[in-house]
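The residues making up each chain are set out below.
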Amino acid sequence: KQEVTQIPAALSVPEGENLVLNCSFTDSAIYNLQWFRQDPGKGLTSLLLIQSSQREQTSGRLNASLDKSSGRSTLYIAASQPGDSATYLCAVTLGGGADGLTFGKGTHLIIQP
Amino acid sequence: EAGVAQSPRYKIIEKRQSVAFWCNPISGHATLYWYQQILGQGPKLLIQFQNNGVVDDSQLPKDRFSAERLKGVDSTLKIQPAKLEDSAVYLCASSLHVSIRGRLFYEQYFGPGTRLTVT
Chain A
757 KQEVTQIPAA
767 LSVPEGENLV
777 LNCSFTDSAI
787 YNLQWFRQDP
797 GKGLTSLLLI
807 QSSQREQTSG
817 RLNASLDKSS
827 GRSTLYIAAS
837 QPGDSATYLC
847 AVTLGGGADG
857 LTFGKGTHLI
867 IQP
Chain B
39 EAGVAQSPRY
49 KIIEKRQSVA
59 FWCNPISGHA
69 TLYWYQQILG
79 QGPKLLIQFQ
89 NNGVVDDSQL
99 PKDRFSAERL
109 KGVDSTLKIQ
119 PAKLEDSAVY
129 LCASSLHVSI
139 RGRLFYEQYF
149 GPGTRLTVT
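From first to last, the protein sequence lines stand for chains A and B. For the first sequence, my numbering gives the first residue as 757, with consecutive numbering after it. For the second sequence, my numbering gives the first residue as 39, with consecutive numbering after it.
Keep in mind the hints are simulated off the structure, nothing from the lab. In this text, all values refer to a predicted model and were calculated from it rather than measured experimentally. Be a bit skeptical, because a hint or two may be false.
As the list claims (entries may be wrong) - Capping the alpha-carbon separation at 16 Å, the derived lysine to aspartate or glutamate pairs in EDC-like fashion look like this:
| # | chain 1 | residue 1 | chain 2 | residue 2 |
| --- | --- | --- | --- | --- |
| 1 | A | K861 | A | E773 |
| 2 | B | K82 | A | D855 |
| 3 | B | K116 | B | E106 |
| 4 | A | K861 | A | D795 |
| 5 | B | K109 | B | E123 |
| 6 | B | K82 | A | E759 |
| 7 | B | K82 | B | E123 |
| 8 | B | K82 | B | D95 |
| 9 | A | K757 | B | D94 |
Unchecked claim - Some chain A residues close to chain B (C-beta under 7 Å, calculated; not the full set):
| # | residue |
| --- | --- |
| 10 | L800 |
| 11 | L804 |
| 12 | R817 |
| 13 | G856 |
| 14 | G860 |
| 15 | G862 |
Claimed, not checked - Simulated restraints on C-beta separations:
| # | chain 1 | residue 1 | chain 2 | residue 2 | range |
| --- | --- | --- | --- | --- | --- |
| 16 | A | S826 | B | G91 | 32 to 38 Å |
| 17 | B | T114 | A | P764 | 47 to 53 Å |
| 18 | B | K109 | A | E771 | 46 to 52 Å |
| 19 | B | A40 | A | G816 | 20 to 26 Å |
| 20 | A | K798 | B | Q118 | 26 to 32 Å |
| 21 | A | P770 | B | L108 | 30 to 36 Å |
| 22 | B | Q118 | A | V769 | 43 to 49 Å |
| 23 | B | S56 | A | G816 | 26 to 32 Å |
Ideal Cβ placement from N, Cα and C applies to all residues, glycine included.
With the rest of the complex left out, here is chain A (with noise of 0.2 Å):
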């Protein structure tokens, strides 16, 4: 069964830094990997998305790597706002990649102004 552990589990940091949060998976056969940011009420929106065979995608301030022989990944944020501050989560998807998701618990994310 495939279990993802997202570490830590909160983080509070000042505004202008650089942060990377952790997520490691078990089951290293994975199909891609995704990052969702969630902001309180609302649903889960989608940052990146990994494939496989990929080690890392970039959008903006965001870099995510991915290094599936080990288990794990990391979300990289540059110049951190206090608008970055939301729940970030870690999921994959085993299979041919229409499979649910797998989430992690998310790390909470508070950036101070």
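Since chain A is already given, all that's left is putting chain B on it; use the hints.
Coordinates of chain B only, in the frame set by chain A:
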């Protein structure tokens, strides 16, 4: 493009009552998912539909939960009777496959969720 729609947004019921949630996926999305997110946890897949057929319902508590997707578009999720531990946010997502360098990917788009409180 309209996103995934869900209703109601909030629902409060007493234990042993019944409740139903509705989801309208993004137009043209063949795959639809229902997830349950308990406070402090990540979402957990309950059921997955491909058009109007069930692909995976292995984590659906079938003694009290049921779901259907008539005509392969809208979907309803029902709980009957509800228990206290069913208090959670119920998220609906839909996906459309995209081909990237000959490989298919299914990016899921989530609705705002329905927050259920069972008292």
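Of all the hints numbered above, which does this structure not satisfy? Sort the numbers upward. Numbers 1, 5, 11, 12, 17, 21 and 23 - these are the hints that the structure violates, sorted from lowest upward.
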